[in-house]
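Undergrad: Here is what each chain is made of, one letter per residue.
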Amino acid sequence: MTQSAQTSRLNNRGLIDRSQLLDFTFDGVPYTGYAGDTLASALLANGVRLVGRSFKYHRPRGILTAGSEEPNALVELRSGARREPNTRATVAELFGGLEAKSQNRFPSLSLDLLAINGLVSPFLSAGFYYKTFMWPAAFWEKLYEPMIRRAAGLGRAAPEQDPDSYDKATAYCDVLVVGSGPSGLMAALSAARAGARVILADESFAFGGRLLSDARTVDGKSGADWVASVIAELKSFPGVKLMSRTTVFGAYDTGTFGAVERVADHVAIPAAGVPRQRLWRIVAKHSVIAQGAGERPIVFGNNDRPGVMLASAVRTYINRFGVAPGGTAVVFSNNDEAASTIQDLVSAGVTVAGLVDTRTSLPPAIKSLARKHGIRVFEGAVVADALGGSRVTGARIIASYGAPQTVACDLIAVSGGFNPNLQVTTHQGSRPQWRDDLAAFVPGALPKGMAVSGSAKGTYGLASCLKEGAQVGAAAAAAGGFVATAAAIPTADDEPAEVSAFWHVDSSKHKAFVDQQNDVTAADVRLAEREGFQSVEHLKRYTTLGMATDQGKTSNINGLAMLAALTGKTIPATGVTAARPPYTPVALGALAGEHRDKHFKPTRLTPSHDWAKERGAVFIETGLWLRAQYFPKPGETDWLTTVCREVSTVRNSVGVCDVSTLGKIEIHGTDAGKFLDRVYINMMSTLGVGKARYGMMLREDGIAMDDGTAARFADDHYFITTTTANAIKVLQHLEFCRQWHWPDLDVQIVPVSDQWAQYSVAGPRARDLLAKIVDAPFDISNAAFPYMAVAELTVLGGIKARLYRLSFSGEMAYEIGVPARHGDLLMRTLMSKGEEFGVTPYGTEALGVMRIEKGHVAGPELNGTTTCADLGLGKMASTKKDFVGRILSQRPGLADPNRPRVVGFKPVDKSARLRGGAHFIAKDAEPVAKNDLGFMTSVAFSPSLGHWVGLGFLAGAESRMGEILRAVDPVRNSDILVEVVSPVFYDGEGARLRV
Amino acid sequence: MSELANDIKKASLEASERTGLTVTHVAARRGARASLDDVARAAFGVSLPSSPKAVEARGALIVWTGPDQWLIVQKDETGRDHYAELAKTFNGLASLVDVTDSRTIFRIAASRPSETLLRNMGIDFHENSFQPGDVAITHVSHLGVIVWRLPDGTAYDFACARTYSREFADWLRKASA
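Quick note, the sequences are listed as chains L and U, same order. As numbered in the working numbering, residues 278 to 1272 make up the first sequence, in order. As numbered in the working numbering, residues 19 to 195 make up the second sequence, in order.
Everything labelled a hint here was simulated from the structure, so no lab data went into it. Virtual Cβ for every residue (Gly too), placed ideally from N, Cα, C. Any given hint could be a false lead.
[Stated by the list, open to error] Quick list of simulated restraints, FRET-style, between CB atoms:
no.: 1; chain 1: U; residue 1: Thr134; chain 2: L; residue 2: Arg712; range: 42 to 50 Å
no.: 2; chain 1: U; residue 1: His160; chain 2: L; residue 2: Ser356; range: 43 to 51 Å
no.: 3; chain 1: L; residue 1: Phe482; chain 2: U; residue 2: Thr134; range: 15 to 23 Å
no.: 4; chain 1: L; residue 1: Lys875; chain 2: U; residue 2: Ser132; range: 21 to 29 Å
no.: 5; chain 1: U; residue 1: Thr134; chain 2: L; residue 2: Ala825; range: 30 to 38 Å
no.: 6; chain 1: U; residue 1: Ser132; chain 2: L; residue 2: Val1248; range: 48 to 56 Å
no.: 7; chain 1: L; residue 1: Ile1076; chain 2: U; residue 2: Gly63; range: 27 to 35 Å
no.: 8; chain 1: L; residue 1: Arg857; chain 2: U; residue 2: Asp55; range: 49 to 57 Å
[Stated by the list, open to error] With a straight-line cut-off of 27 Å between C-alpha atoms, the simulated BS3-like cross-links for lysine-lysine are:
no.: 9; chain 1: U; residue 1: Lys106; chain 2: L; residue 2: Lys1077
no.: 10; chain 1: L; residue 1: Lys951; chain 2: L; residue 2: Lys1158
no.: 11; chain 1: L; residue 1: Lys445; chain 2: U; residue 2: Lys192
no.: 12; chain 1: U; residue 1: Lys93; chain 2: L; residue 2: Lys890
With the hints as constraints, model all of the structure from the sequences given.
TA: Structure follows, in C-alpha cells:
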C-alpha cells in the first residue's frame, strides 16, 4: 500500500510528467513519484526528509542539494547482484519499481543505536584513528579496523558479480560543450550553426541546467520552453551529438576527456544487449566548460539537520520537480539570490518566516520584496543553530544586536554564495585564482583548446551567461577553421548577484559541520590547525575534509576559508586542494568496460585448434594462447598416463605437436647476417644457405633474453624463431636495434608468427610419415636432408611449405610449416597418414617432459636472472665479434664462476617425486636460507627412465657432480635426497637426432 | 574459418571475411626507395604512397603500413603466383614476404560505417576525417588492426592478426549489435 500520496507535491508546477506515475520503495515502504523525478525529489514529494545517517556520528541526515554535489543523501539502490551503494538520491533518476534503502544505520533509519557515537564525539575528533587505536599495535588489524569499518562507512557492495555489461567508446568533435545551462546551450548553438562537429554533454537526464531550476524568462518563454527550442534546433544538425546522463569527469592530454554515460541507470534492468553505462573517451579539438557553479552552505550549529537545504536546491525542487521541500522556511543568506528564493517559496505557498542575511545593509529591492510578502528581515544576522533532531523545527537567530531569537520553521534555505564548478579546468595542473568580488575561486590558466563560459567562469547573471556562451562557442568553432558568428543573444535579464563573503557562524552552540559527508566539524578544523596541520592538503588528510564521493564540493571552500582565518593568511595564500579526476564518482565497471572474464585479454588460437578440440584435447592457457596440453584417449583418466603414452609413442614411433605459437620473424636484407651476428651471442653470418642453427640473445644488461633457431633460405634471407612467451619482446628488441642502433644496415624485419602453421613431427618414424606428404621430387632422405637442414618445398600436391630438420624432443624430428589456412588440413592429413605408424598428437606436457629429459632450457630457466653461463651455454658466445649484452655480461657479478649453473637431478629413491621450487641443501646441513645451494626449476616424470628427473640451478655445480643433496620443499613438506647429474638424461650423444 | 563466417552471419552484419587474396609485405631495401618507386610506377602506374594511404593500382591495392613499407593486396587468379611475380618485379629493391595468412581481412561494405562502429573505434572514423583511401594502424579492444577505406569509398577493410580473428569478429558483432 502506498504510504502517502505525494503530500508535498505542488499543483501545476514542475517539469515532471504527471501522466506517468511510478511506484518505488524506500526502506521497504511503498511510495509514488513521477517520470522526471529524482529519487530525492520523489522522497521530498512524499514528505520524507530523513534519508540517511552520517558517516561517523550516525546523525540523522536529509537532502542538502539537488545535484551531484550531495554529501548526505547517499542510498543503496536495487537489490541482489545489482545492489549499488552510495548513490546520491539527488541524481538517481526515478523509475518504476526502484528499490532504495538508507545505509549506515542499525537497526533502522529512525532508531540508529550507533548514534551513541555522537555522545562520545570528544574521542572521535580529527585524526582520532591515529590517536586512539595505537596500542597494542597487534589489535589494529584484528579488532580496531574491522570495528571501525563496521561502525563507520557508507553502503555495502553487492556480494555477487555485477550481472550488467559496460561499454567503452570514443567520440571525436570540433567543439565539446560540457554543461547545458544557458551558457553551454548558446556555445553549442553558435558552434553548431557554424557547421562544427559538436558534442553537448550534461550530467542530468534533462538538458537546461539552471534554466530548469529557476523561474526565468528567455526570449519571452519560460526557461524550459526556450531550452526545448534550442535542443530541437541542435538536433537538426547532423554533426551535433547530444549526450544527456553523461558526466565529463576528467580532462586529459591534448583535448581528450573522460566521460561516463549512464545508459541504463534509469531502468530496473538494462534491455538485452544494452550496457548499463558507457565510458567515453572524447577527443575534442576545442572545448567549452560550462558546468555552472555550485552553491556553498554556511557552517552553523546543527546545519546538518534534515530540513537544512541549499537555497538553489530549494528552488530546483519547487520549479523543476514541483515539490515544496517544507511548509515554513527561514532563508539564511549572504547574497542577492535570496530574492529568487523568497519569490519561489512564496509562489509555492511556503510560508517564509524570516530572511536572515549576514549583510548589515540589504539592497532595497530585497527589503521591499520581503516587506511585500510580510517577511521578517534580520540584517547583519546569522542562524546560529538549527533546532530539532531528525527534522528541523526552528532556527536560533542571532542579530548584531538584541537577544537571540527562535523562529519556528521546518526548512532553512541556506546560501553562502557560489563556487564555479572549475574542477575539470584544473585536471591538467592549472590552479584556480581567487576573486574577492565573487568570494570564489575562478579558473586560472586553461589548457590549450579549452575555454570556460558562464558561471563556471564566475560570470553570473542569465543575460551575461547567454552572451558569453554564444561568444565562446563561436570562438571555439572559428579556432577550428569554421566561419562562425555568435548566435543572436535572446532577451533575458541579469539577476543581481552581489555577495559578501561569509563562511562560518562562530556563535553556534551545537556541532557545526564543514564537511557533512565525512562528519568534519568546525571544531575539527580548529583542532587540526592547533595540531600543526596548517596547509590545506594536510588539513584534508588529517580530518578527511573534502574526501569521499562528493570530493568536498560543498565543504572545501568553507574549510579553507576557516583555515585561512585561523592562520591569519588570506584565502589565496592558503590555496585550495587540487581537484583530480574524476569530477564525480565513476563505477569501476565502467572503467573496465567489456574487458572482464574471458574478455580481459584476447585469446589466440593455434591453426590446429578446431581439430584438437574435436579430438578431445585438454587445453592450457600459455600467455594469450590456448594450447593443447595433452590428448587423452578413451579410458585414460589420469593426465600422467596420457602424457607418458604420448612421450613413449614419440620415442618409439612418431608424434605431432602444434608449435605454431613460437615467435617467427623474417629477417631480410643484404646486411641480415651482419645484423644477426650483432643480436645473437653466436655467429649467424657463417650459417650456410639451407641450414639452421640454435641461437641465444642477451638483453643489453647481459642477462639471457631468449633462445631459438635461425634458418637461412638465401644470402639475404633468414627466418628466426623465438620462444612463445618472448615473441613480441624479441620483435621489439630487433626493431629497436635496427632502427636505433644500426640504421645504416640494410635489414628489413617482418613478423610472421601468424603466417605459418608449424608442426613438430618427431620420432623414429617421422621421416616415414613426412615422406607421405612431401611432393616429388623433394628428397627427404637423411643424406639429402640431414640434421639441421632447412628447405622450401611443396606438400600435399602444391601447398607451399618449409621444412626444418630440428629437434626439441631429442628424437629424429622435423618442423614443417605451411600457410596457416592449410594448418587444419595438414594436421588431419598427418594423423590419417600416420595411422599405420601409430602416430599420436602430443601437447605441451609431453613437449615439456621430453625437453627436460634432454636438458633443454626453457622458460623456468630463462627467467630473467640467468646468464648464458648459468644455462650451460657460455661456450656458445663468440669471442670473434661484438653482440648486444656482451660487455655487461662480463660484469664481475655475472661472470662469477660460482654462480649457480644448470644441472640435472634424480631422486636417490627412484619412487620419490621431485618438486619444482625445492631448495638444495648439503646432506648434513640444516635447511635454512644461509645453507641454500640453489633450487629446482623444472621437473617431470620420465617415462623413458621410469623415475622423476629435474633441472635446477646449483652453486658450484661442476664440483658437485655425483653428490647427494637434500631437495627441501617446505611449501609442500617434501624433503628428499637427490643426486646431482648431467642435465641431459636421454641420449647424451645425440645419436638419435642424426639417423 | 567457417565459424567466423557464421558469427558474422548471426550478427547480420554487412561484414565479410575476404578470401582468395594474396597479400605481400613489401619493405624497401636501404637506399632503394627511389628506384623502387620507378619500378612500382612502371608495374602499377602509381607511386608507392609515403603517408597512410591506400591506392588502387591496376587491380591491386597498395596499402601504406609504415615508413617504406606496404602491403600489396591482390585477388587470386588461376595460374598466377602474385607473390612470385612481385618478388621478381622488385628483386633487389625490396624485401618481400608473403603474409597472406598473417592477417584476416574483414570487409564492411558501406559508404559510411554504422554509428556503433564509429564509436567503438579508437580513431576518428568520421567520414570527413577518414576519407576514401585513408589508412590507420590502430587497435580495437586490445587487438591490433590496420584499417583502410577503399579509394572508391565503397567499403572499409579491417586487417587483424589471424590468430585474433575470432576475437575481432566477436568485437565486430558486439560493436554492431
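Undergrad: Which hint numbers doesn't this structure obey?
TA: Checked against the structure, the hints that fail are numbers 2, 12, while the rest are satisfied.
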